[in-house]
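*Asks:* What follows is each chain in one-letter form.
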Amino acid sequence: MDKNSNQYTILFAIAMVIVVAVALSFAATSLQPMQAENVRQEKMQDILSTFIGDSIVLDGKKVELDRAVASKVYKEYVSEQLTLDHEGNQLDDVDAFQVNLARELKKPVDEQVFPLYVANFEGETYYVVPLRGKGLWDAIWGYVALKEDINTIKGVTFDHKGETAGLGAEITTDWFQERFTNEEVFNDEGELVGVIVEKGYSANKKGDNRVNSISGATITGDGVTDMMQERLSRYLPYFKTKKNSKLATR
Amino acid sequence: MKETNEIKSEKKYSDEEKKKEMILFLSSSEEKEGLLSKANRKLLSDPLNDNNPITVQVLGICSALAITVQLKPAIVMSLAVMFVMALSNVIISILRNSIPSRIRIIVQLVVVAAMVILVDQILKAYAYDVSKQLSIFIGLIITNCIIMGRLEAFALGNGVYKSFLDGIGNAAGYGLILIVVAFFRELFGSGKLFGVPVIPEAFYEGGYVDNGFFLLSPMALIVVGIVIWVQRSRNRSLIEEN
Numbered sequence: 001m002d003k004n005s006n007q008y009t010i011l012f013a014i015a016m017v018i019v020v021a022v023a024l025s026f027a028a029t030s031l032q033p034m035q036a037e038n039v040r041q042e043k044m045q046d047i048l049s050t051f052i053g054d055s056i057v058l059d060g061k062k063v064e065l066d067r068a069v070a071s072k073v074y075k076e077y078v079s080e081q082l083t084l085d086h087e088g089n090q091l092d093d094v095d096a097f098q099v100n101l102a103r104e105l106k107k108p109v110d111e112q113v114f115p116l117y118v119a120n121f122e123g124e125t126y127y128v129v130p131l132r133g134k135g136l137w138d139a140i141w142g143y144v145a146l147k148e149d150i151n152t153i154k155g156v157t158f159d160h161k162g163e164t165a166g167l168g169a170e171i172t173t174d175w176f177q178e179r180f181t182n183e184e185v186f187n188d189e190g191e192l193v194g195v196i197v198e199k200g201y202s203a204n205k206k207g208d209n210r211v212n213s214i215s216g217a218t219i220t221g222d223g224v225t226d227m228m229q230e231r232l233s234r235y236l237p238y239f240k241t242k243k244n245s246k247l248a249t250r
Numbered sequence: 001m002k003e004t005n006e007i008k009s010e011k012k013y014s015d016e017e018k019k020k021e022m023i024l025f026l027s028s029s030e031e032k033e034g035l036l037s038k039a040n041r042k043l044l045s046d047p048l049n050d051n052n053p054i055t056v057q058v059l060g061i062c063s064a065l066a067i068t069v070q071l072k073p074a075i076v077m078s079l080a081v082m083f084v085m086a087l088s089n090v091i092i093s094i095l096r097n098s099i100p101s102r103i104r105i106i107v108q109l110v111v112v113a114a115m116v117i118l119v120d121q122i123l124k125a126y127a128y129d130v131s132k133q134l135s136i137f138i139g140l141i142i143t144n145c146i147i148m149g150r151l152e153a154f155a156l157g158n159g160v161y162k163s164f165l166d167g168i169g170n171a172a173g174y175g176l177i178l179i180v181v182a183f184f185r186e187l188f189g190s191g192k193l194f195g196v197p198v199i200p201e202a203f204y205e206g207g208y209v210d211n212g213f214f215l216l217s218p219m220a221l222i223v224v225g226i227v228i229w230v231q232r233s234r235n236r237s238l239i240e241e242n
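So the sequences go chain by chain: P and S.
Using the UniProt record's numbering, read the first sequence as starting at 1 and increasing by one per residue.
Using the UniProt record's numbering, read the second sequence as starting at 1 and increasing by one per residue.
Don't read these hints as lab results, they were simulated from the structure.
It should be emphasised that the depicted structure is a prediction, and the values quoted were computed from it without experimental measurement.
Heads up, a few of these hints could be off.
Said to hold, decoys possible - Label-pair ranges, simulated between beta-carbon atoms:
1. P:D95 <-> S:Y208: 50 to 58 Å
2. P:P33 <-> S:F194: 29 to 37 Å
3. S:L221 <-> P:D66: 32 to 40 Å
As the list claims (entries may be wrong) - Distance condition first, Cα-Cα at most 25 Å in a straight line; then the derived BS3-like pairs of lysine-lysine:
4. S:K132 <-> P:K134
5. S:K72 <-> P:K199
6. S:K192 <-> P:K161
7. P:K72 <-> S:K132
8. P:K161 <-> S:K72
9. P:K161 <-> S:K132
10. P:K43 <-> S:K38
Glycine included, each C-beta is placed from N, C-alpha and C at the ideal position.
Between the sequences and the hints, there should be enough to build the whole structure, so can you do that?
*Replies:* Written as structure tokens, this is what we have:
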């Protein structure tokens, strides 16, 4: 057949599209379960690492809390997974772990649901709140674990989609996340202020609702501030019902 | 890591020695077109220096700016590009006699895009951490001009094995520059290499400050420029007459 004829060209194009489409959809569907499992395990790892840290003692040995380990011990430490509505009522028919925050954030606040993980680790109770907000370029998200007083932070994890490597992307590093440990989310007047990521704040004082930002990543830092403030404020109705919370004792 | 070894060996031998070595190698392997005959070796080594895709052909600059802030992603990106480039070169070379020339660019684009999506999916399933590291950059491989350039300029007119070598060679040349640029940017920009701090604490106490400018794209362009300058002063054959 003449290679330059219209007929050949069209046939070639059709054949190519079919072959590529079949190959790619086969690859996508056959790899999908493994990809979903990776995402699920990573979520467990993120939640656990806010109050456990990077390593955990398993069968008397200290092991890194990687995805495989996290999925194994998740059930052991996370005792309750709650889904709340905007008034703090528990919804029984929604699985908190399956809630997609990116989708929830697009809805009006009174239609959103708010997942909350209650964990027990080494005799302490922790409330792990999932976070999601905007960085400089794209979404940022993470988890914050509050201690039983629902004020002091036990630990945080942050992640991002497309922040600048070396600048905004540094929010995923341990040294930045450690700044939040033992920081408080309510100010002395009992107002929820979250933790403010402040440019040039060098006083390393705990409990003043402020941490130092990453130089060159001011907008990503502001994103973290806003995300923490906005997300935590949605849980206030629920937190008020908790007798140990700083709010209830006031 | 392969690339860094190659820098070392390149520095060790002067051009004279290289020529001698080449002649020796030639006489021993000319008789039959071996797997690593002179011509085939040239396909691998040329893009590292004389015909480097970034510094000589000035292709693929866009991604060289985007992912050279740190060494690790630069290396992973180089490997991913190598995989995509070698495979799509091979596929296009196999199909070269049946591709209608009027739609050849579209065919090339489809092949590259399919490869990239495949790499992305496989990484997400089997190397999730690497895939997270690279995030959007994997998708950016599609837009890497080097790949299309090699498909159009080489794979369409050459055999499968030669095209494979050409893909590996050009990806290595690209990776080499990426790693050199990333080395300087990570070192001066954040005082680290592979995420490990290398500049002693005493320097910082003495007033040394990391240069944040190195983390921004313009500095990558300047570093690439300096690499071109250094390369040309060492390799006079690259200098244009005018």
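*Asks:* All hints, please: hold or fail.
*Replies:* Quick rundown of the hints versus the structure:
no.: 1; hint: P:D95 <-> S:Y208: 50 to 58 Å; verdict: holds, 52 Å
no.: 2; hint: P:P33 <-> S:F194: 29 to 37 Å; verdict: holds, 33 Å
no.: 3; hint: S:L221 <-> P:D66: 32 to 40 Å; verdict: holds, 38 Å
no.: 4; hint: S:K132 <-> P:K134; verdict: holds, 18 Å
no.: 5; hint: S:K72 <-> P:K199; verdict: violated, 28 Å
no.: 6; hint: S:K192 <-> P:K161; verdict: holds, 23 Å
no.: 7; hint: P:K72 <-> S:K132; verdict: holds, 22 Å
no.: 8; hint: P:K161 <-> S:K72; verdict: holds, 18 Å
no.: 9; hint: P:K161 <-> S:K132; verdict: holds, 9 Å
no.: 10; hint: P:K43 <-> S:K38; verdict: violated, 52 Å
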